[in-house]
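Chemist: Top line first, the protein sequences correspond to chains A and B. Position one of the first sequence corresponds to residue 1 (this note's numbering), numbered consecutively onward. Position one of the second sequence corresponds to residue 1001 (this note's numbering), numbered consecutively onward.
Certain hints may be false.
DMTMM-like mimics (lysine to aspartate or glutamate), calculated; alpha carbons at most 25 Å apart, straight line [said to hold, decoys possible]:
{"id": "1", "chain 1": "A", "residue 1": "Lys44", "chain 2": "A", "residue 2": "Asp113"}
{"id": "2", "chain 1": "A", "residue 1": "Lys129", "chain 2": "A", "residue 2": "Glu183"}
{"id": "3", "chain 1": "A", "residue 1": "Lys168", "chain 2": "B", "residue 2": "Glu1087"}
{"id": "4", "chain 1": "B", "residue 1": "Lys1090", "chain 2": "A", "residue 2": "Asp326"}
{"id": "5", "chain 1": "B", "residue 1": "Lys1105", "chain 2": "A", "residue 2": "Glu215"}
In short, the hints are calculated from the structure, not lab data.
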Amino acid sequence: MKKLIISAVALFGIFNAKAQENTNNEQPKKLTFDEANLVSSYYKQDGNNSAVTGGTGTEKLTDISNTIDVTMVKYDKKDRKNKFGFSVGIDHYTSASSDMIDLKANSSASHADNRIYPALSWSRENESKGTTLMAGVSTSFEFDYQSYGANIGFSQKTANRMGEFTAKFQAYLDQVKLIAPIELRANENYGTSGRNTFALSLAYSQIINQNFQIEILGDAVQQTGYLSLPFHRVYFNDNSVHQETLPDKRFKIPVGLRANYFLGDKIILRAYYRYYTDDWGLKSNTFSLETPVKISPFVSVSPFYRYYSQTATKYFAPYQQHTAFDDFYTSNYDLSKFDSHFYGAGIRISPKNGLFGVERLNMLEIRYGHYTKSVGMKSDIISLNLRFR
Amino acid sequence: MKNLIKNSQKLIKYLFGQLRTSFINFEKTFVFASFMSSTPACHSELVEESVQAGLRRFSALNYRMIAILSILTIPFLNSCTTVKEYEKNKLNDAEMVLGNRPVEKTELSFQSYREGSSGANAGKVGGGCGCN
């Protein structure tokens, strides 16, 4: 009797049960717009150690850069979040030093150039398992340099979602057009030479507490092929002029640490340190600190400072210091011993209802920085980021 | 949970035991080497051999100590309490992101051109441009 009553109640329940209506927003199964960023910047530099003229001469250069990247999102049948990214950048630069590739011309074709660099990316995140797969391809075109790149990566969150490990492998297959200085040119038929870069990047991020998180990063980078720049001159101590000649292999290991801490309710401390070493004898230390201060929930000001210090590569010597006994030689002051300071500030505005009456334009950030090197080079950069959502 | 605590305690005791043994051996090696070098009757080859042995042992101990210290720091990377999703409002702030913001893109680019080093910042690693 008892069994009959229980069965009857169960049957009654089954026939009258109704599924709860899903009032939550479902994940979009169609491809939907997620975010777009427009970044524009103006860069200007000057100095007196141009590599094109053997370590002396003007380094005046300006660069106007514009990039746009668009991200679309789609959830698949297994509820995995697929992100598709497309970006394209265009740089227009003018260079007084590149103009000196031809010493006789008042102004040559090399005084200005454009660089275009589109890229595609994809990632698939399985939120329940805490795993993400990613892949991407990229290209870059300018008059004397073409590049084709690809990358794949994987990340795994820890069981409590407090940590995440990421591994990424990147490969770049580049072609350098061999444009020699005018006095070293046999003819106007420029050949090309290959340069390949393979990089393994590992990172581990960890949430320490509600206000603090850190990330450890490390790369192992192997470069092979033509690693010099063909239009860089090197003057020996006998006043003879040569093309820059560097080894055809380079192995680099940079290791970095990031730490972000929310101090109180209004100040954030963003610190970064990197140690770098390679088999060309170059070692460097980088330290930066940025302190965003929230003036209001929608506006923040971020002063920043970056210190960088490097030793010279064993192949560097200044103007007319190299000898005929050197197998490899460069007078490029970017590979010399120096330290640098980069400081400035940014302002970030992200009101709730959008900017300038446009609801989708939800963030504007402007940032200015001044950069000085101990070898006499100075530069300024101003950048603007508009975000649409 | 009880097993986790028991196993963690056993691991910590083992690691400290290893550290203690390392320090004792380190001390013994130096005492032996200094005794040998101070004894006039000792053959110079024997002294050199013992110093070399001491140095090898020191290197091995050093690596072992570094490995042990590294392992000891791992538990500190995991916080004592898990931060729940509703407590992550500060961590999820746009300026707390562990990475480069889009506005910093061009700065990273000019730094990779004007400096000899690059990488370990989720930016350029050296390829894709005529940079370093």
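Chemist: All hints, please: hold or fail.
Modeler: Now the hints, each set against the structure:
no.: 1; hint: A:Lys44 - A:Asp113; in the structure: 15 Å, holds
no.: 2; hint: A:Lys129 - A:Glu183; in the structure: 62 Å, violated
no.: 3; hint: A:Lys168 - B:Glu1087; in the structure: 30 Å, violated
no.: 4; hint: B:Lys1090 - A:Asp326; in the structure: 56 Å, violated
no.: 5; hint: B:Lys1105 - A:Glu215; in the structure: 19 Å, holds
Figure legend: structure checked against the earlier numbered hints; hints not met, in rising order: 2, 3, 4.
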